[in-house]
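Single-letter residue listing:
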Amino acid sequence: MSHVTCIELIAFLDSYVDDELDAETRVSFDLHLLVCPSCRAYLASYRETIELVRGTAEKEEELAHDAPPELIEAMKKVRK
Amino acid sequence: MLADDGYLIERLRNGDEVAFEELVEHHAAPLLAVTRRILRDEEEARDAVQETFVAAFRGIGEFNSESRVSTWLHRIAVNCALMKLRIRARREKDVDALLPAFEADGHQQQSSVGWTETAEEILQREQARALVRRCIDQLPEPYRIVLVLRDIEQLPADVVAEKLQITRDNLKVKLHRARQALRTLLDPHMRGAL
Chain A
1 MSHVTCIELI AFLDSYVDDE LDAETRVSFD LHLLVCPSCR AYLASYRETI
51 ELVRGTAEKE EELAHDAPPE LIEAMKKVRK
Chain B
81 MLADDGYLIE RLRNGDEVAF EELVEHHAAP LLAVTRRILR DEEEARDAVQ
131 ETFVAAFRGI GEFNSESRVS TWLHRIAVNC ALMKLRIRAR REKDVDALLP
181 AFEADGHQQQ SSVGWTETAE EILQREQARA LVRRCIDQLP EPYRIVLVLR
231 DIEQLPADVV AEKLQITRDN LKVKLHRARQ ALRTLLDPHM RGAL
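Residue numbers (the working numbering), protein chains in the order written: chain A, 1 to 80; chain B, 81 to 274.
There could be a bad hint or two in this list.
Just so you have them, the derived chain B footprint on chain A, three or more residues with Cβ under 8 Å [to be verified]:
id, region
1, 7-19
2, 23-33
3, 52-59
4, 67-75
The calculated DSS-like cross-link candidates involving lysine-lysine, where the alpha carbons are at most 27 Å apart (straight line), are [unchecked claim]:
id, chain 1, residue 1, chain 2, residue 2
5, B, K164, A, K77
6, B, K164, B, K252
7, B, K164, B, K243
8, A, K76, B, K164
9, B, K252, A, K76
10, A, K59, B, K252
These aren't lab readings, by the way, just hints derived from the structure by calculation. Please read all numbers here as calculations on a predicted model, not as lab measurements. Don't be surprised by glycine CBs; every beta carbon is placed ideally from N, CA and C.
With the hints as constraints, model all of the structure from the sequences given.
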């Protein structure tokens, strides 16, 4: 099994997160993460970044109950 | 297709004015949120929503009865917004300065440090969400739009690659670089309490 460095792990972190690596590569990534606190922190913050992007948009959707009234009126006129 | 959607589409096809108003009132706000995220310009975002409804009404005959109306409108809105973005034709910049640097032996030049709060905790605060939004907006356009379409709008990779006229491999690289660049922008804020 090949030895993985930080640069290799971070280059393919998206494939690791999306579970797209073959079994042998995934195990070598897991072994690197066991001994490298910096990569563990990087992986955690990478996942948090994705969560923050999605979560911020979902909150925006929740708060977007109303479109501006003038926009609604303008669009209704488009049809007429 | 939902039962309500079926009835609405039938009325629209029959030229029912009230049905069109219902369509606008029900879907304008979420569609405006989508076009705002893509365009970051209020006037252009509103124009894109108007064009969405015009295109939807003209294309009502092509509506696939197996789809949901919201999904169909979302696809039209994304297309209208992307068309405006292409017209704007921003100069492509790169994100190299925001990617992690490495020593010759492959180790990170600067050790990464864990963040103090979870995303769930951070998202409870409006100020923190505004910061995330500002950091997303700082990304160079080709990276920001990939992040918006894949991670926020959650469109399938092949659909996004086709819309942006890039290969799936290129899209995957761009998305990973966009997430890494955003992580770098968020990092100084997330190490301490916001």
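Here is how each hint holds up against the structure:
Residues of the region 7-19 of chain A lying with their CB closer than 8 Å to a CB of chain B number 5, which satisfies the three-residue condition for coverage. Interface restraint, the region 23-33 of chain A with chain B: violated (0 residues with C-beta to C-beta distance below 8 Å; minimum three). Proximity of the region 52-59 of chain A to chain B, defined as three or more residues with a beta carbon under 8 Å from a beta carbon of that chain, is established by the 7 residues found. With 6 residues having a beta carbon nearer than 8 Å to a beta carbon of chain B, the region 67-75 of chain A meets the requirement of three or more and the stated coverage holds.
Using a Cα cut-off of 27 Å, the hinted pair K164 of chain B and K77 of chain A holds, with the two alpha carbons roughly 22 Å apart. A threshold of 27 Å between alpha carbons decides the hint, and for K164 of chain B with K252 of chain B the separation of about 24 Å falls inside it, so the pair holds. Pair hint K164 of chain B plus K243 of chain B holds up; C-alpha atoms about 13 Å apart against a cutoff of 27 Å. Between K76 of chain A and K164 of chain B, the direct Cα distance comes to roughly 22 Å. Compliance with the 27 Å bound is thereby established for this hinted pair.
The suggested pairing of K252 of chain B with K76 of chain A is violated, with an alpha-carbon distance near 40 Å, which exceeds 27 Å. Using a Cα cut-off of 27 Å, the hinted pair K59 of chain A and K252 of chain B holds, with the two alpha carbons roughly 26 Å apart.
Of the numbered hints given earlier, the model fails hints 2, 9; all others are met.
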